[in-house]
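Line by line, the protein sequences give chains A and B. Per my numbering, the very first residue in the first sequence carries number 1; after that it's consecutive. Per my numbering, the very first residue in the second sequence carries number 1; after that it's consecutive.
Any given hint could be a false lead.
Here are the simulated DSBU-like pairs of lysine-lysine, each with C-alpha atoms no more than 35 Å apart in a straight line [to be verified]:
| id | chain 1 | residue 1 | chain 2 | residue 2 |
| --- | --- | --- | --- | --- |
| 1 | B | Lys85 | B | Lys162 |
| 2 | B | Lys178 | B | Lys85 |
| 3 | B | Lys162 | B | Lys151 |
| 4 | B | Lys162 | B | Lys178 |
| 5 | B | Lys85 | B | Lys151 |
| 6 | B | Lys162 | A | Lys28 |
| 7 | A | Lys28 | B | Lys151 |
| 8 | B | Lys151 | B | Lys178 |
| 9 | B | Lys85 | A | Lys28 |
| 10 | B | Lys178 | A | Lys28 |
A few chain B positions that, by computed beta-carbon distances, are all more than 10 Å from chain A [unchecked claim]:
| id | residue |
| --- | --- |
| 11 | Ala38 |
| 12 | His44 |
| 13 | Arg45 |
| 14 | Ser55 |
| 15 | Ser63 |
| 16 | Lys85 |
| 17 | Glu96 |
| 18 | Arg97 |
| 19 | Ala116 |
| 20 | His127 |
| 21 | Arg128 |
| 22 | Ala146 |
| 23 | Arg153 |
| 24 | Ser166 |
| 25 | Trp174 |
Ranges of calculated distance between the beta carbons of each label pair, as one might list FRET restraints [claimed, not checked]:
| id | chain 1 | residue 1 | chain 2 | residue 2 | range |
| --- | --- | --- | --- | --- | --- |
| 26 | B | Lys162 | A | Cys15 | 21 to 27 Å |
| 27 | A | Gly62 | B | Val161 | 23 to 29 Å |
| 28 | A | Asp31 | B | Gly157 | 32 to 38 Å |
| 29 | A | Val45 | B | Pro48 | 51 to 57 Å |
| 30 | B | Glu96 | A | Asp14 | 39 to 45 Å |
| 31 | B | His99 | A | Gly62 | 29 to 35 Å |
| 32 | B | Ala156 | A | Gly41 | 24 to 30 Å |
| 33 | A | Val45 | B | Asn47 | 48 to 54 Å |
| 34 | B | Ala169 | A | Gly62 | 16 to 22 Å |
Calculated directly from the structure, the hints in this document are not laboratory data. Even for Gly, the Cβ is constructed at its ideal location relative to N, Cα and C.
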Amino acid sequence: MRLLYFASLREQLDCSAEELALPPTVGKVADLRAHLAQRGGVWGVFVTSASLRCAVNQTLAGNNTPLAEQDEVAFFPPVTGG
Amino acid sequence: MKLRFFRPSPGAKRGEMEPGMAAADSIRVSEVDFDVSAELAALHRDNPQVGAVASFVGYVRGSLRGDEGRVGGMTLEHYPGMTEKSLAEIVSSAHERWHVDAIRVIHRVGWLAVGAQIVFVGVASAHRHEAFAACAFIMDYLKTAAPFWKKERTEAGERWVKARESDTAALQRWQDMKDRQ
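So that you can see chain B by itself, here it is in the shape it has in the complex (with noise of 0.2 Å):
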């Protein structure tokens, strides 16, 4: 399966961006495996007016349960195409609420299997709030909104994973944090 990369154009500069993008932003839909160390340095790399990077990774979580339990690991099945649109209108809503420099997201796809990491998003900003803001507020919405479905094996079998409430709950607060405003 070919990577794809959605990242804004070549010739954008600081002041020429993709609507709502950062030139160092960089989203990431792949099977292939990713390096949090180099994520990171990434985020940081030739700015320092970053004082701050915040981040979140994903795994496969295997089951406490003994009967029908997740076993092994799961499929991720995702829309082509929709998936990076909908990471990029996450990443643009997240500049819009807080001035973060740069933000990187990766969502793997394909079959992972327990302890495999999934998902990885990093924000770097001048200072530790928005950081951690924007961090958590894409994770958020990400959950409800960007078209991924996970397919677990069990010892019963395969079975779909069922959407949370907690996450659209999660989504909702952000909305009301805005409301407010």
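Just chain A, with the same shape it has in the complex (with noise of 0.2 Å):
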């Protein structure tokens, strides 16, 4: 899976993009969240943020979105454009 962060979620992270396999305890994007966070430190938003937004293949996705090897991954803060 590609993975991408954005906005102020890259800065906190000191991370854009990433390549990950799709682990097997990994099914959705709830899964995702909380393989994330056991990276420790600063990944640990993952879980305690409440606001943080996923998108997977370029489409808003919520926590039961199933996830698949050659998908793309977004999480990023809520969207301020306009």
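Two chains, each in its own frame: build the complex with the hints.
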């Protein structure tokens, strides 16, 4: 999977993108959040922040959205365009 | 940075559209500034059925306060690919709700100084009700769903603009309206 991080989240993690093989424990977005939070430190934001948004293959997604190996998954704060 | 245009495929005719979009629609995400007059003209060109064009222009607002107010301008970050897709979905939603002839949306990205144009939404239709409604709907939806993020420069340094509760509430009103139909 390709993971992308935007805006203040990107700065907080000091990471804009990474490639991650889909872990066997991860079937949906909520599982991926838990998996990333296990890295510790600033990555804890994936479970502590209720406002963090997610998109899977460029479509807004929820915690129950399923994930597949070839997916592009992005995490970001609430949007402020317009 | 290259321009990215998203529009119906060149061969599309009225009746053979990309799902949800009209042949006269246009979506643009770019650093390049836009000409409102040109966009308004394009909205009713070659279509004598158009009797109304409603539009919105958003600008980078300066701050009234001295301390920690916005100075200079802001940077618009975005998610390339998803921005165009998201705007296309919003435009399709507008066509589903109202009978309108053409919609043009432009959103700029990159560094924008105070006073600069950020966003344009224009809607052409036979009568004014649909044009006004669709234009307001598209802006409310864009403010909550399109992946752009503003980072403003202040006297105290750079800071990310926070999303507003009022924007989410505005979007909910359109959903309530649809649910009541």
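* Against which earlier hints does the structure fall short, listed by number upward? -> When the structure is compared with the hints, numbers 16, 22 turn out to be violated.
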